[in-house]
Each structure stands twice: as C-alpha cells, then as structure tokens.
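Asker: Chains as they are written, first to last, in this note's numbering: chain X, 995 to 1222; chain F, 140 to 389.
Treat the hints loosely; a few may be bogus.
[Unchecked claim] Below, computed lysine-lysine pairings styled on DSSO-like, alpha-carbon distance capped at 30 angstroms:
| hint | chain 1 | residue 1 | chain 2 | residue 2 |
| --- | --- | --- | --- | --- |
| 1 | F | K157 | X | K1082 |
| 2 | F | K244 | F | K150 |
| 3 | X | K1081 | F | K244 |
| 4 | X | K1060 | F | K250 |
| 5 | F | K286 | X | K1082 |
| 6 | F | K157 | X | K1089 |
| 7 | X | K1089 | F | K286 |
| 8 | F | K250 | F | K217 |
| 9 | F | K340 | F | K286 |
For the record, the hints were derived by calculation from the structure and aren't laboratory data.
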Amino acid sequence: MSWIINTLTSTIGRKVIMALTGLFLILFLAVHLVGNLQLLYHDGGEAFNLYTQFMAHNPLIQIVSKGNFFFIFLHIFVSLTLYVRNKKARPIGYKVSAGNSNSTWSSRSMALLGTFILIFIGLHLYGFWFNLKFGEVAMVTIDGVSMHNAYALVAESYTIPGVVAFYIFSMIVLAFHLWHGFASAFQSLGLNHPKYNGIISGMGKLYAVIIPALFALIPIYMYLNNAG
Amino acid sequence: MNHKLNIWRQKNANDKGKFYTYEVSGVSPDQSFLEMIDELNDDLTRKGEDPVHFDHDCREGICGACSMVINGHAHGPKGLITTCQLHMRSFSDGEEITIEPWRAKPFPVIKDLVVDRTPMDRIIQAGGYVSVNTGGTPDANAIPIAKHLADTAMDAAQCIGCGACVATCKNASAMLFTAAKISQLAVLPQGNAERANRAEKMIAVMEEEGFGGCTNTGACEVECPKGISLEHIARAHREYMSAKFSSHNV
C-alpha cells in the first residue's frame, strides 16, 4: 500500500489530485449554473423553488453533494500542502521580477484567487445553503407540497447593492481562477497533444468567461428587475 | 554605452549577501554580456577589489554554465539564448541592469553569482541514462525510429542543464529539466527497458532535493534557452503515473 501513499503524496500525484478535483468542480459549476438560471423565469419563483426542493430531497443529489464538499476540501487541503512546499523551495526571492512577460497573472496567483473563492463560498453557503438547511425560511405551497421559499430568500438578498457587487466581484475572481485552472488540469493529467491543445485552451478560456458571466448576470438582472 | 549595474555579491554560502552598484562606461554594443562583466572585473582587479564571481565555460551557448538572472529574466531579456550569447545591444544606453544568482533552496549560493547546481546532477544520476554495458557499436539506423519521435527526443535532448527553468519558476520547480530527460529517453526504443524505473527514480530524487512542485505557469518554457516545451512535462506525468501504477517497485 505504501506505493499508493507515495504516489499520491508526490508533487505529481498531488498535482493530479488538484486536476481531478478541479475538473469535478468545473463540472459542478455548470450544473449549479443550470439550476440558478431557473431564477430568471417570470413565475414568482415556482421553477426555482421546485428545483431547490428536488436538490434538497433527491437521495442521489445528497450523495453527490457530500462528494462535492469533500472534493472542495481536498482541492484546498492539497493546494495548501503544495503552497507550503513551493514557498520553501525559494526562501530568497528576486529583486526584479519578469512579471507578465513569461506567464499569466492568473497562473501565478491561483492561491490568492482560490483563497478569495473560499471566502466567497463561506459567505455564499452561510447566506443560502445554511439558512435553507438550518435557518428560518418562509414556506410556500406549490401543487399541494409545502416547501421553502428559496426564491424569496435569493430575491431579497439581491435587493442589497453590496451583496450584488460582492457577487459580481467574486465571479470575476472565479473567472481568473478558471482562466488558468481549466487548461492546467488537462496538462497535469498529461493530456497534452498538438491535435487537442488548441481546443482545450480555447474551451478553457470560453468557459472561464461565459460561466462566471452567466452566474453574475442573474443577480444583476434580479436587482434591476426589482429596482425597475 | 553606460550602465548602472546592481550585482548580488555574497562572500560564501553563510554570508547574507547584498547588492552592490557599479557604473560601467564605454561599453560596446557588440560586446557580449559576459565580456562586459569581464571588463568590470578587470577594473575591480586593478583597484585591488574582489572581482565578481560567475560561472562560465564554453561561451557559445552549449554548456549551460553562465547562470544569472538579468532584470528578472534567466539568461537575460532575449529568448532562446544563454547569457554568453546575449549582447549589450539588447540593452538601451543608460539602462540600469540588475544581476542576481539563480534563486532556489536546492541551489545555495557558493559565491556572488555562482550557485551549487549538483542537485541536477543527482537527478540525472538517478536514471537519466541508458545502460548499455555489452556488445559492439550497433549499426546506425538498425533500429527504425519514427521521424516525429526522433524529433521529440532531439528537442528534449537540447537541454543543457543550466537550471534556468528552476530559476524562473515561481516555485523553483525542476520539472522541465527532469521531464526533458525522462521524455527524451521514453520515446526512444533504446530507453524503453529502463523507462518505468527511470521516471520513478528521477522524480523521487527531484523531490528529495527540495525543488518545488510545477503549477503549469509555463514560465520555464518561455525562459528556457533551448525552448524546451511543456509537452515534455505532460509526458513525464504520464510516464510517472503509469510507472507508479504498473511497475514492479512495490
């Protein structure tokens, strides 16, 4: 068994864990977005409430959700161990830095970007997930089933400009994290081939822009809708 | 041309070291960077001061000795060359130039700009070779090798072991250096017999030496004087992971 531990704790093994958990979280973002887009229906929140009711009670979703929390934890934990090792490898830095001339800012700032995303996830979970799970949330009855009015909870928080601004800023941070992370995950898994490199890096950049932009669009739309 | 030079000076590995400023004047644009330092050193010697120590050997871009970070770039601001191939015409007159040694925990400074790069030798000794202990010289072309594989191996074999990748990487990772050798020998039939052991052992020694982990920033590929591609790092990953999961080293 020691060879497995040895493999997974090597820098390459840890990089592979970062890539696999990262790709899972990339997929999770897309699924999460599809759910969020239900907020845009003009139906007083019926579609979104049905969706949250489904997410909260479907047994398969419960398992995937636990896996999701575990992968977020693993992604953070492994990145921390790598961060500490990498800092130790250069105790004395350079006086002059090459800056953006040989690498992108996002590729050099993954730890910083990731730390901010962690703060965002914390507040995000507290605001929505925690409240729905353990807080006092108004109930609504749809088709004879009583359920949390998650739509009202979301719509109310997006009437606060500060909340909307923080959300938008967080999505910009996420975009930078994905800008490097998407293609980097493939490279870490050894998937580097002249036939596919262009597609992977192109898709990564598209994904990094489109997904966070759509996420950010929802609170902006709801805020304007409410104000107007 | 006149320049103000900020050069890292350090007496030995235990000294703290600091930057010294030197003014050089009458520098010819056709001089190489090392010749410019040679002249500075002549001056310092005439004044009875200790000359600036730096590694150099072939001065034609093939030995990899001339290691220095110039204005934030390993081997200076121009791509695909070593410091000895850098000419003063690449700088503008009056430009301030900062010269620093390779910075990495596994590369302690010996004196001034000279660092100890033997950790890279130990990585090669761990498996960066093909053992052929018997028989006569084989016929050239006796073993057919696909052109693209021969090209890939040649590209990787261009590595001169200068350590610019380590110096450049924000994590001081030696992955490009290590991967170039793993990749070169993995694509050739002669390297096949020791393929799994090589990947496992070279990576293990690389980690023991205390180099950081690769985070795919790609800076090494840009600064490498031989333009060695990240493709080799991806191949080294495949070699390492498949060796780990299928070799007989339990």
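Asker: With reference to the structure, classify each hint as holding or not holding.
Answerer: The hints, checked one at a time:
no.	hint	result
1	F/K157 - X/K1082	holds (21 angstroms)
2	F/K244 - F/K150	holds (18 angstroms)
3	X/K1081 - F/K244	holds (10 angstroms)
4	X/K1060 - F/K250	violated (54 angstroms)
5	F/K286 - X/K1082	violated (42 angstroms)
6	F/K157 - X/K1089	holds (11 angstroms)
7	X/K1089 - F/K286	violated (44 angstroms)
8	F/K250 - F/K217	holds (26 angstroms)
9	F/K340 - F/K286	holds (28 angstroms)
Of the hints listed earlier, those the structure fails to meet are numbers 4, 5 and 7, in rising order.
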